[in-house]
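Whenever a hint applies, use it, and build me the whole structure from the sequences.
There are 2 protein chains.
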Amino acid sequence: MDASSSISITDVPGVSCASGWIGIKRDERPDAALFICDHEAVFAGVFTTNQFRSACVESSLMRLHGGKRVRAVLVTSGNANAGTGLAGRADTELLAAGVAKEIGCQADEVIVLHTGVIGVPLHAERLTPRLSALIQSAGSSRVAGMEAATAMMTTDTFPKTSVHTMQTAKGSFVIGGVAKGAGMIHPRLATMLSVIITNVSIHPVALQKALHQAAKTSFNAISVDGDTSPNDSVILLATGHDEDVLTEESPEYEVFIEELTNVCQDLAKMIVKDGEGATKFIEIAVTGGASDDDVERIAHAVSTSTLVKTAFYGEDFNPGRIISAIGRAGAHMDIEQLQVKISEHMVFADGACTPVDEQIAKEVMSQAEIMVAINLGVGDCAGTYFTCDLTHDYVQINSEYTT
Amino acid sequence: MDASSSISITDVPGVSCASGWIGIKRDERPDAALFICDHEAVFAGVFTTNQFRSACVESSLMRLHGGKRVRAVLVTSGNANAGTGLAGRADTELLAAGVAKEIGCQADEVIVLHTGVIGVPLHAERLTPRLSALIQSAGSSRVAGMEAATAMMTTDTFPKTSVHTMQTAKGSFVIGGVAKGAGMIHPRLATMLSVIITNVSIHPVALQKALHQAAKTSFNAISVDGDTSPNDSVILLATGHDEDVLTEESPEYEVFIEELTNVCQDLAKMIVKDGEGATKFIEIAVTGGASDDDVERIAHAVSTSTLVKTAFYGEDFNPGRIISAIGRAGAHMDIEQLQVKISEHMVFADGACTPVDEQIAKEVMSQAEIMVAINLGVGDCAGTYFTCDLTHDYVQINSEYTT
Chain A
69 MDASSSISIT
79 DVPGVSCASG
89 WIGIKRDERP
99 DAALFICDHE
109 AVFAGVFTTN
119 QFRSACVESS
129 LMRLHGGKRV
139 RAVLVTSGNA
149 NAGTGLAGRA
159 DTELLAAGVA
169 KEIGCQADEV
179 IVLHTGVIGV
189 PLHAERLTPR
199 LSALIQSAGS
209 SRVAGMEAAT
219 AMMTTDTFPK
229 TSVHTMQTAK
239 GSFVIGGVAK
249 GAGMIHPRLA
259 TMLSVIITNV
269 SIHPVALQKA
279 LHQAAKTSFN
289 AISVDGDTSP
299 NDSVILLATG
309 HDEDVLTEES
319 PEYEVFIEEL
329 TNVCQDLAKM
339 IVKDGEGATK
349 FIEIAVTGGA
359 SDDDVERIAH
369 AVSTSTLVKT
379 AFYGEDFNPG
389 RIISAIGRAG
399 AHMDIEQLQV
409 KISEHMVFAD
419 GACTPVDEQI
429 AKEVMSQAEI
439 MVAINLGVGD
449 CAGTYFTCDL
459 THDYVQINSE
469 YTT
Chain B
69 MDASSSISIT
79 DVPGVSCASG
89 WIGIKRDERP
99 DAALFICDHE
109 AVFAGVFTTN
119 QFRSACVESS
129 LMRLHGGKRV
139 RAVLVTSGNA
149 NAGTGLAGRA
159 DTELLAAGVA
169 KEIGCQADEV
179 IVLHTGVIGV
189 PLHAERLTPR
199 LSALIQSAGS
209 SRVAGMEAAT
219 AMMTTDTFPK
229 TSVHTMQTAK
239 GSFVIGGVAK
249 GAGMIHPRLA
259 TMLSVIITNV
269 SIHPVALQKA
279 LHQAAKTSFN
289 AISVDGDTSP
299 NDSVILLATG
309 HDEDVLTEES
319 PEYEVFIEEL
329 TNVCQDLAKM
339 IVKDGEGATK
349 FIEIAVTGGA
359 SDDDVERIAH
369 AVSTSTLVKT
379 AFYGEDFNPG
389 RIISAIGRAG
399 AHMDIEQLQV
409 KISEHMVFAD
419 GACTPVDEQI
429 AKEVMSQAEI
439 MVAINLGVGD
449 CAGTYFTCDL
459 THDYVQINSE
469 YTT
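Line by line, the protein sequences are chains A and B. Here my numbering is used: position 105 in the first sequence is 173, and no number is missing along the way. Here my numbering is used: position 25 in the second sequence is 93, and no number is missing along the way.
Note that these hints are calculated values from the structure, not bench results. Some hints could be false.
When chains are identical, the list treats them as one kind, so a pair holds in a single copy or across two.
Said to hold, decoys possible - Once the Cα atoms are required to be at most 30 Å apart in a straight line, the calculated DSS-like pairs of lysine-lysine come out as:
{"hint": "1", "residue 1": "K409", "residue 2": "K430"}
{"hint": "2", "residue 1": "K409", "residue 2": "K93"}
{"hint": "3", "residue 1": "K284", "residue 2": "K337"}
{"hint": "4", "residue 1": "K284", "residue 2": "K409"}
{"hint": "5", "residue 1": "K409", "residue 2": "K277"}
{"hint": "6", "residue 1": "K337", "residue 2": "K93"}
{"hint": "7", "residue 1": "K430", "residue 2": "K93"}
{"hint": "8", "residue 1": "K169", "residue 2": "K136"}
{"hint": "9", "residue 1": "K284", "residue 2": "K169"}
{"hint": "10", "residue 1": "K277", "residue 2": "K337"}
{"hint": "11", "residue 1": "K93", "residue 2": "K284"}
Now the structure itself:
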């Protein structure tokens with residue numbers, strides 16, 4: 069790891085990181101990453117829409133709704149602590165209390181995120197004795213940040229970090245984030261986790277609103293296999309302590325949202341590119357929709373169609389599968405108005421498929437990044453989504469025994 | 069093909085079949101199957117819900133809404149005649165007229181179904197000269213029936229036929245059907261086609277209602293990959309000419325629906341078992357739903373989850389993936405009331421996963437047929453659905469070049 073040339077979440081002033089093994093994974097690979105703020109931070113979060121929520125999501129929501137400040141985020145991997153009932157809630161709180169004790173804060177100032185096997189008791193009392201060593205290893209070097217991003221990984225093949233800065237009249241501020249992707253753990257369930265920290269001073273309501281807006285066009289616009297886990301979480305911390313906080317009315321607020329969106333989109337695209345077994349990155353741009361719901365329906369149908377995704381894997385120029393997915397999406401449309409392009413080449417217009425030269429089709433499909441542009445032609449709503457292909461490696465990774 | 073021991077759609081009195089090559093497939097493999105009734109029949113149909121409809125679906129719907137009688141059904145494979153605009157409509161009618169001329173009826177008494185590549189002109193004028201030879205080969209032997217069922221096949225690995233009889237006060241009647249499954253043609257798009265014929269005398273309104281009811285628990289309760297094609301069609305013909313027709317009030321009507329449902333379920337299950345690359349047949353039984361919509365949402369989420377389907381392929385006993393799919397289905401539920409069983413073994417109850425002995429889990433997953441029973445515990449609605457696993461062969465079949 070060439071730390072000197074890397075970016076790191078520790079580029080955000082006042083952030084230190086730790087990582088190591090606390091006893092979840094049998095083979096003693098790192099299974100814990102800790103992100104610590106020097107000062108207490110306001111925080112925002114977006115979470116899975118799955119009705120099964122891990123104990124950690126319940127615990128994070130309790131802190132969010134209680135308006136708590138946060139000093140640290142602990143991410144553990146190997147056990148999702150989902151489907152574990154009340155004992156699971158106690159386990160999450162035990163870990164929070166363990167971290168709080170070591171860094172000198174309250175348990176409800178520590179956020180805990182889990183990822184891993186569902187339905188297996190966590191038994192946190194086995195883990196807390198190792199928290200002290202974990203926290204003593206914390207540092208603010210780029211290496212410490214990169215190691216924490218790496219410790220979050222499961223079947224991810226590379227750590228995911230993005231850092232953007234914003235210039236304002238008050239000076240320069242940093243937004244840094246890490247994520248783990250839709251990989252399977254030992255190999256049970258895809259979980260997407262992200263921790264983002266900024267040194268901006270901002271009102272918590274404005275922070276939550278900014279995260280919702282940024283997530284809409286990033287984490288909520290990607291699909292690897294259409295599944296959402298009980299654990300999916302994005303946590304955003306703002307550590308600034310200026311009395312003059314950013315609000316929705318501040319002139320810099322839009323700039324903040326823009327840079328936050330950049331961080332989220334960087335991380336979301338990395339998750340798709342590192343999707344299990346993926347060989348192609350596919351951008352689906354929907355325009356002309358009658359409603360935002362319709363735009364999402366179209367993007368969802370196309371991005372989750374196994375027929376579309378296997379065609380991309382096989383480099384098979386196959387507009388019929390895309391058009392069929394559009395047709396079953398249940399969106400309002402007029403076939404005579406519909407236009408579909410694959411990487412700038414029109415494949416459907418005026419109610420019928422249009423022929424594309426075989427050599428051009430072959431060339432388009434050989435690219436690692438492919439754009440599908442769908443203009444419904446019946447309204448002004450639009451959105452861009454990201455997905456990957458469905459490959460032999462995906463089936464291999466996800467069909468292996470857990471034992 | 070051991071015709072003597074086979075059942076055949078020609079077991080329905082007054083039905084003859086033909087099959088052969090009419091010029092669609094380049095390699096001169098059979099690409100046309102014809103089902104002829106000695107007498108005109110009343111007919112019913114259920115069709116794809118995809119907003120892109122093949123010209124043949126438009127043409128069939130026109131005949132259905134016009135209350136037409138039917139003498140023959142022509143099924144062609146190799147070209148879906150979808151995404152082909154008005155020229156496509158003309159092509160379908162040209163084939164209907166060609167068949168009508170040969171058997172001596174009106175063009176609107178012939179139904180045409182297509183399956184194959186989307187967006188390529190059919191040029192039916194190339195095909196009509198070969199219809200005469202096709203029709204001259206027609207016969208009412210079991211071999212003729214089996215050959216027609218075989219000519220409909222695309223990536224299907226076996227022909228699909230079911231015959232049931234019903235005993236009534238008026239005598240014995242036969243219901244016979246054939247189907248082609250969710251295979252890809254040359255390999256573009258999954259299409260499910262079925263032709264069912266009975267010698268019952270029945271009012272067309274009662275016939276349509278019976279088909280809707282039978283399809284609900286058969287063709288509309290199966291999923292191979294969650295896609296629906298522009299061509300999916302089920303055509304049901306009733307050739308009986310008794311003046312005393314079956315109506316919804318007739319005492320035999322429920323028996324008719326029951327036997328029709330048996331034929332439809334037989335064919336639907338064969339389609340799933342012959343799903344591309346499938347190695348496991350999975351029955352998903354949902355009970356205790358607050359609404360029929362909720363039952364369908366749950367069944368759809370579980371049966372289309374690539375994580376669930378790859379786990380079954382890998383014989384990985386993985387309740388977490390099923391529970392996560394249930395959780396994202398958007399159905400009304402209460403996690404405390406939910407119970408999930410895999411082949412009779414409880415895996416989720418009282419709000420948490422329940423442990424299953426490793427040896428038992430291995431035994432369950434090694435079976436070719438697996439039952440997932442989901443009791444939502446919040447209502448009285450129920451339904452049973454059928455799906456298959458997602459395998460390397462599925463990816464292989466669907467990622468190959470079309471060229």
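If any of the earlier hints don't hold here, list their numbers in rising order.
5, 9, 11
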